[in-house]
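Participant: One point on numbering: in the numbering used here, the residue at position 126 of the sequence shown is 148, and numbering is uninterrupted.
These aren't lab readings, by the way, just hints derived from the structure by calculation.
Heads up, simulated EDC-like pairs for lysine to aspartate or glutamate below, C-alpha to C-alpha not over 20 Å straight-line:
1. LYS42 to ASP176
2. LYS30 to ASP50
3. LYS74 to GLU98
4. LYS65 to ASP142
5. LYS129 to ASP142
6. LYS77 to ASP50
7. LYS129 to ASP52
8. LYS30 to ASP52
9. LYS40 to ASP176
10. LYS74 to GLU113
11. LYS129 to GLU53
12. LYS30 to ASP176
13. LYS129 to ASP147
14. LYS74 to GLU56
15. LYS125 to ASP147
16. LYS74 to ASP64
Across the chosen pairs, the derived CB separations fall in these ranges:
17. GLN168 to GLU98: 28 to 34 Å
18. GLY134 to GLN85: 39 to 45 Å
19. LEU157 to PRO109: 17 to 23 Å
Idealized CB from N, CA, C, for every residue including glycine.
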Amino acid sequence: MKYYRQKKVRYIVYQYLKAKIPNVVYIDGDELRELFGATSYDKNGRIDMALKRAKLAHILSSQGIVCIVSTISMFEPIYAYNRTHLPHYFEVYIQCPFDELIKRDQKGLYSGGLNGEIRDIVGIDIAFDEPKSHLCIDNSKTENLQVKAKQILDSLPSLLK
23 MKYYRQKKVR YIVYQYLKAK IPNVVYIDGD ELRELFGATS YDKNGRIDMA
73 LKRAKLAHIL SSQGIVCIVS TISMFEPIYA YNRTHLPHYF EVYIQCPFDE
123 LIKRDQKGLY SGGLNGEIRD IVGIDIAFDE PKSHLCIDNS KTENLQVKAK
173 QILDSLPSLL K
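All chains should be built: construct the whole structure from the sequences, respecting the hints.
Facilitator: Structure follows, in structure tokens:
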């Protein structure tokens, strides 16, 4: 699976927790989108997919499994669902300035959205609801991933430590 090889903050957090808690799973938003055959990227399609992802996390967590879910483009109805239905829900917002996202645009989504070639891009033609998360991590620079992961791990509820 591709995400296991990526040196991302989420992977570092997952590896640390997996070593301490055997019942940890990582749920990747893109992989679930592919699994569910979700092809709609408009706001309603994104909300539908996010709700499916949240419901999967609810099913797993109700069986005692700790879920790490990485996703983008969330909306207030999903935040509310998560806060209501997921026990021990802990939200981390990894914030990145829009101009930095454009610089990192590996898939060409932002540049395509800005010049009108691609539609339904969050932050361009779909507004997103900035979360009121438990923790906000500045990701304006791609360095210091270990430090960012430690910030998250140090902030987790004691239940997960």
